[in-house]
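Counting with this note's numbering, you get residues 1 to 221 for the letters of the sequence shown.
For the record, the hints were derived by calculation from the structure and aren't laboratory data.
Quick caveat, the model's predicted, so the values are computed rather than measured.
Just so it is clear, CB atoms sit at the ideal spot from N, CA and C, and this is done for glycine as well.
One should not assume that every hint holds.
Each pair of labels, with its calculated beta carbon distance range [said to hold, decoys possible]: (1) Asp123 to Lys66: 41 to 51 Å; (2) Ile166 to Gln75: 30 to 40 Å; (3) Asp123 to Asn79: 27 to 37 Å; (4) Gly18 to Glu113: 24 to 34 Å; (5) Pro34 to Leu204: 44 to 54 Å; (6) Asp62 to Ala134: 28 to 38 Å; (7) Asn208 to Asn37: 52 to 62 Å; (8) Asn108 to Lys68: 15 to 25 Å; (9) Lys66 to Asn90: 26 to 36 Å; (10) Ser14 to Asn37: 31 to 41 Å.
Capping the alpha-carbon separation at 30 Å, the derived lysine-lysine pairs in DSS-like fashion look like this [what the hints assert, rightly or not]: (11) Lys85 to Lys16; (12) Lys145 to Lys85; (13) Lys145 to Lys48; (14) Lys52 to Lys137; (15) Lys137 to Lys2; (16) Lys69 to Lys2; (17) Lys109 to Lys160; (18) Lys2 to Lys103; (19) Lys55 to Lys2.
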Amino acid sequence: MKEIVLDTETTGISIKEGHRIVEIGCIELNNLVPTKNKFHCYLNPERKVSEKAFKVHGYSDDFLSKQKKFKEIAQEFLNFIEGKKLIIHNAEFDLGHINNELKLLGINKINNEVIDTLVLARDKFPGSGISLDALCKRYRIDNSKRVQHTALIDCDLLSKVYINLIDQKEPMLEFNEPEQKHFDLKNKNVDYCKKIINPSPEELVKHNLFLKKNLKKNFFN
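Kindly generate the complete structure, drawing on both the sequences and the hints.
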């Protein structure tokens, strides 16, 4: 099952005030394992970045003015997420801005299935901190690279938080199929097996003689 962990950075919070997206980051998961497929771009929002937003992500007006506009990457972005479940922290915010960008281009809203990790965290830890940083701390995920909010770093952290939130761990070792000769590391339901080798009668005789000899020596010493 393929899923997309998605994050955006913007010029500010409110769409009603004309704020726009300045960065989109996406990481693909296949059965909860990150693949090499990523989508990332900085965007020219065609307006100034608010002071509060600049403190969050650090993208200057000069830097963003040299980037592509959303209309130039819209189809590539839609192709990347097509038919895949979206994993987003505070989905209402990111989807609101993405759908606003699509609306400005006369394109329909995205209709992907969405999992909001903020909602998962709120249900799982009522009354506790549920920001991305708080969840990284709870699950002992190293977020030292998150000096400022950047889309790909946040996606990487969120992918790890998401796996913990849905209680998925690394596969357990189960030695219950001795004849299995191969396994697929990408299959999270795989059983890891070890062949059982029984000793020969001759080996058993030698082993018993060894035990008698050494037990007698240890007893008298």
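Verification of the hints:
{"no.": "1", "hint": "Asp123 to Lys66: 41 to 51 Å", "verdict": "holds (42 Å)"}
{"no.": "2", "hint": "Ile166 to Gln75: 30 to 40 Å", "verdict": "holds (31 Å)"}
{"no.": "3", "hint": "Asp123 to Asn79: 27 to 37 Å", "verdict": "holds (33 Å)"}
{"no.": "4", "hint": "Gly18 to Glu113: 24 to 34 Å", "verdict": "holds (30 Å)"}
{"no.": "5", "hint": "Pro34 to Leu204: 44 to 54 Å", "verdict": "holds (49 Å)"}
{"no.": "6", "hint": "Asp62 to Ala134: 28 to 38 Å", "verdict": "holds (33 Å)"}
{"no.": "7", "hint": "Asn208 to Asn37: 52 to 62 Å", "verdict": "holds (59 Å)"}
{"no.": "8", "hint": "Asn108 to Lys68: 15 to 25 Å", "verdict": "holds (22 Å)"}
{"no.": "9", "hint": "Lys66 to Asn90: 26 to 36 Å", "verdict": "holds (29 Å)"}
{"no.": "10", "hint": "Ser14 to Asn37: 31 to 41 Å", "verdict": "holds (32 Å)"}
{"no.": "11", "hint": "Lys85 to Lys16", "verdict": "holds (27 Å)"}
{"no.": "12", "hint": "Lys145 to Lys85", "verdict": "holds (27 Å)"}
{"no.": "13", "hint": "Lys145 to Lys48", "verdict": "holds (26 Å)"}
{"no.": "14", "hint": "Lys52 to Lys137", "verdict": "holds (24 Å)"}
{"no.": "15", "hint": "Lys137 to Lys2", "verdict": "holds (27 Å)"}
{"no.": "16", "hint": "Lys69 to Lys2", "verdict": "holds (28 Å)"}
{"no.": "17", "hint": "Lys109 to Lys160", "verdict": "holds (28 Å)"}
{"no.": "18", "hint": "Lys2 to Lys103", "verdict": "holds (26 Å)"}
{"no.": "19", "hint": "Lys55 to Lys2", "verdict": "violated (34 Å)"}
The structure shown violates just one earlier hint, number 19.
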